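Participant: For reference, the chains in residue letters:
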Amino acid sequence: MSSANPSAPKVMDMREAVGRFVHDGDTLVIEGFTHLICFAAAHEIIRQQRRDLTLARLTPDLIYDQLIAAGCARKLIFSWAGNPGVGSLHGMRRAVEQRDPQPLQLEEYSHFGLVARMAAGAAKLPFWPLRNYRGSDLPAVNPLIKTIECPYTGEQLATVPALNPDVTIVHAQRADSAGNTQIWGLYGVQKEAAFAASRVIVVVEEIVPESVIRADPNRTIIPGFIVDAVVCEPWGAHPSYAQGYYDRDNDFYVAWDGISRDAKGLEAWLNEWVYGVGSRGEYFDKLGEDVTARLSAKPRMSEGVNYGF
Amino acid sequence: MSSANPSAPKVMDMREAVGRFVHDGDTLVIEGFTHLICFAAAHEIIRQQRRDLTLARLTPDLIYDQLIAAGCARKLIFSWAGNPGVGSLHGMRRAVEQRDPQPLQLEEYSHFGLVARMAAGAAKLPFWPLRNYRGSDLPAVNPLIKTIECPYTGEQLATVPALNPDVTIVHAQRADSAGNTQIWGLYGVQKEAAFAASRVIVVVEEIVPESVIRADPNRTIIPGFIVDAVVCEPWGAHPSYAQGYYDRDNDFYVAWDGISRDAKGLEAWLNEWVYGVGSRGEYFDKLGEDVTARLSAKPRMSEGVNYGF
Amino acid sequence: MAVRAAHELADGDVVFVGIGLPNLACNLARATHAPNLVLIYESGAVGAVPERLPVSIGDPALVTDSLGVASMADIFQFYLQGGRIDVGFLGGAQVDRYANINSTVIGPYAKPKVRLPGSGGACEIAIHAARVIVVAPLSARSFPADVDFYTSPGQAGKYGTRAQLQLPGGGPTRIVTDVGILEPAADGELALVAVYPGVDVAQIKTKVGWALRVSATLEPVPPPTAEELTLLRDVLDPQHLYL
Amino acid sequence: MAVRAAHELADGDVVFVGIGLPNLACNLARATHAPNLVLIYESGAVGAVPERLPVSIGDPALVTDSLGVASMADIFQFYLQGGRIDVGFLGGAQVDRYANINSTVIGPYAKPKVRLPGSGGACEIAIHAARVIVVAPLSARSFPADVDFYTSPGQAGKYGTRAQLQLPGGGPTRIVTDVGILEPAADGELALVAVYPGVDVAQIKTKVGWALRVSATLEPVPPPTAEELTLLRDVLDPQHLYL
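Residue numbers (the numbering used here), protein chains in the order written: chain A, 1 to 309; chain B, 310 to 618; chain C, 619 to 861; chain D, 862 to 1104.
Hints in this document: simulated from the structure, not taken from any laboratory.
Source: prediction; values computed, not measured.
Positions of the beta carbon are idealized from the N, C-alpha and C atoms, including for glycine.
Be careful, since some hints might not be right.
Derived Cβ-Cβ restraints for the label pairs, each shown as a range [stated by the list, open to error]:
#1 D:Ala1006 - A:Gln49: 48 to 54 Å
#2 A:Met301 - B:Val586: 40 to 46 Å
#3 B:Thr462 - A:Ser211: 43 to 49 Å
#4 D:Pro1081 - B:Ser588: 52 to 58 Å
#5 B:Ser588 - D:Arg913: 44 to 50 Å
#6 A:Pro143 - C:Val832: 53 to 59 Å
#7 D:Arg913 - A:Val141: 35 to 41 Å
Excised from the complex, chain A in its bound form (with noise of 0.2 Å):
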């Protein structure tokens, strides 16, 4: 109810859950830190031609430099753009010194100020606290850092507003086919983004019968009633990673550099790696084998704990 109709099936393709909650001048999140980013609903989304999204992100990593190139965003709210450990985002890059395809507006704030924003957000609270900013200079370039006096010991602290973005879209280990979602290794602001958002897309590598989410309910950090729609999508994540399904593609970060240096070469590369397919599974097919004999996960299991009484 709070969200969606309980009865209406949520298990879809990704076309049709792009098509269906991702729209044209959107605030779209695709979080993930490093572990989790959903590249595959990015590529839908630059298939469906979105524009004018305002894309919120704390890395915006080579996703939203693929998303910005294709042209689907006017805007950018982050806290860390490079190319982790390679080097520069050649397309936001361009996009803001060339306009090109088209201007980028900036929205900076560190990694503590975007978690606080989302945070916010997924409390529906109008702003949050923190003690950070000053002695910076991020404040001056960035109206939106305010500050508060704390109304007991009368200190000045750092405020953010609430980000809640139109929708959020969250890459998971698994989930039942309600969205119930469950997520180890990293966590990142999954949760945050997720319950900040109107609309929630999660993308997962299996799904798997509600009695595995209720064999270990502990591990559940989305409940479905807030998920729109679930889609199944295994290495939903490449070249991010999955922990426990298949590593990150180190490999492709680093190849990305020279992929993307000049505008041809990362449009050449849509062509072929994005508008050249027409879903994950085709994606996956023209990896080739060698993806899996070298970044699928070697079985680390834990143990199971005991939940009687």
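We have chain A already, so just place chains B, C and D on it with the hints.
Facilitator: Frame of chain A; chains B, C and D shown alone:
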């Protein structure tokens, strides 16, 4: 370093832990919402005759009723004071209404307000904002509930001040000898209460090898480096419960109403079950064998997940 | 009352459940017309399917086989304040003309005649849940014109109306009693909208501490079905803890 | 630099680790004099023992066999702002006379000559960690008198001193470079306190954009031991990703 000498051994018995880390006049939090309430620690505090404690807890429950009746407390910070499903806390009421054995000052919140106080304490912020209390008399009787104006929307929001206990005692299913602590089932505010405190005692059903913790790191709620003492005390939460270990002793919660209804009866119970035993082990022996038959948890094991890459 | 309260729930509702009668009502609704009800407890259990009647709001049976467990910080901030809760259940020692609820003290706060347990989560449930169902047997003592203490805000009162206070949730929208159902009118004052079979309206009026308005068209109230009674007595509360 | 940085760590320190050289330094310290070092990554891994050299700050190898995983909200609020971090590592394109660090832009913010990645967690690490070790090779371009942009506050600057700003952490206390070590004096200005064997003080002064003070008594700097070099080259970074 943050909290304690990293190479000092932390594993000790309850007598030593309470002796070293709980002092007269302290603000003390023993949390656990129905689940994982550390009666073993409270009984040792009573035996060591700590005085002038400020006790904070969402639900004082039987544990603080006993500490209050034993004369350990001068103040209670709480949000719901009753014997759940049974009735009143008679020990607490005698202290408030008849100053027996001594007066008890009350500071009252709702659950959300007290949870927010602990979150602020854990985050080392002087206050926490929440949308609450408008239309309620609670701020009229508790001047620590204040308001703040949102710097973005101009809305008036409620605030509560941080709660930073001198010492927090957390019961949990298991920890390693360094205090890395894992909890499943209901979390309550164990994490916030621990991070908010200057000193932390963790009491567990089992001390496990570090490898058990490392095999399932997403279950860790409290990192060892903020923990000062680790006490192994099987059945240490009885008559509360530990998911996967033993059930709540509801019969005792019902019986407490009769035991505590007059001061003499309560005192006799303390003499028999607290002063009359030297340790939790003796208490457990005194409970008799049928308690394990009656309350031991039946197995409902979860499956493991893959942490590999 | 459990059957009436169950009828107030729609399939798919996300319900903040209290212990006792509300818990029975929710499990009855789930077993009959509302299989997709999501039960959330302030203790942190989400999507609970307790295999025994929980004796506390933090019963281990609420966790076993639940859909998820949340910290209480998340429950209050992300679930409740986050506007994700459709229905909250509240009880209280006093409910007044505008559905303000008192579960704190009878008499003055500093020198109470009776010290009650206090708010727990009630204040924030009354503020944030989209709608609140109050379950309380009707009596003049329990339904005064004004409560002694505003623990949980109703539709209006000395601090103003909900609109003036900009409270996000709907507040108490249905008061389910042992003899009939009250509902706030447009001005926030409770009016009698349904009377159970065999109950006299005149008698109901004597059990309320103000001049009770009666709706022009009383809702029909079907008697509990045999299935409902069997479920309650034999399956949901076989030990008759709450019935 | 990795060896020098490792020497800055004490056993039992709780360290907020960055990727690259800081990661190498921490793992070197852990393998030698500081076995009880607790490595925390802003990604959420606590007590990580990576079995391979992590290629990103969120590498899955940081999670496998770690002591715990925390959400980023907890990492920043409870761990960092909560005052639980002893040491933070920072780098940056520019470090100035008072150890302010710039990782945002070279040139004016609105029209930068070079757009750098931005703060990430650097600003809050500089504010909250009990002490901050900066690792950066010395050059006049990287050590100007004033940074173009204050991403992360140092010891003093246009907004005042740390004491005036009431910053809870100690800020940058040691600047480990490729030729020597700088440390803030009582007034917050960096001074040269150690010179590596075979390096000339006069030459160091040319690599800094202000008149560099030199401590009256320079700390002795032992050369890396054979064990340290072997560990770094053969065990910790066998592919020479960062060396």
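Participant: All hints, please: hold or fail.
Facilitator: Hint-by-hint comparison with the structure:
| no. | hint | result |
| --- | --- | --- |
| 1 | D:Ala1006 - A:Gln49: 48 to 54 Å | 49 Å, holds |
| 2 | A:Met301 - B:Val586: 40 to 46 Å | 42 Å, holds |
| 3 | B:Thr462 - A:Ser211: 43 to 49 Å | 44 Å, holds |
| 4 | D:Pro1081 - B:Ser588: 52 to 58 Å | 54 Å, holds |
| 5 | B:Ser588 - D:Arg913: 44 to 50 Å | 47 Å, holds |
| 6 | A:Pro143 - C:Val832: 53 to 59 Å | 57 Å, holds |
| 7 | D:Arg913 - A:Val141: 35 to 41 Å | 38 Å, holds |
The structure meets every hint from the earlier list without exception.
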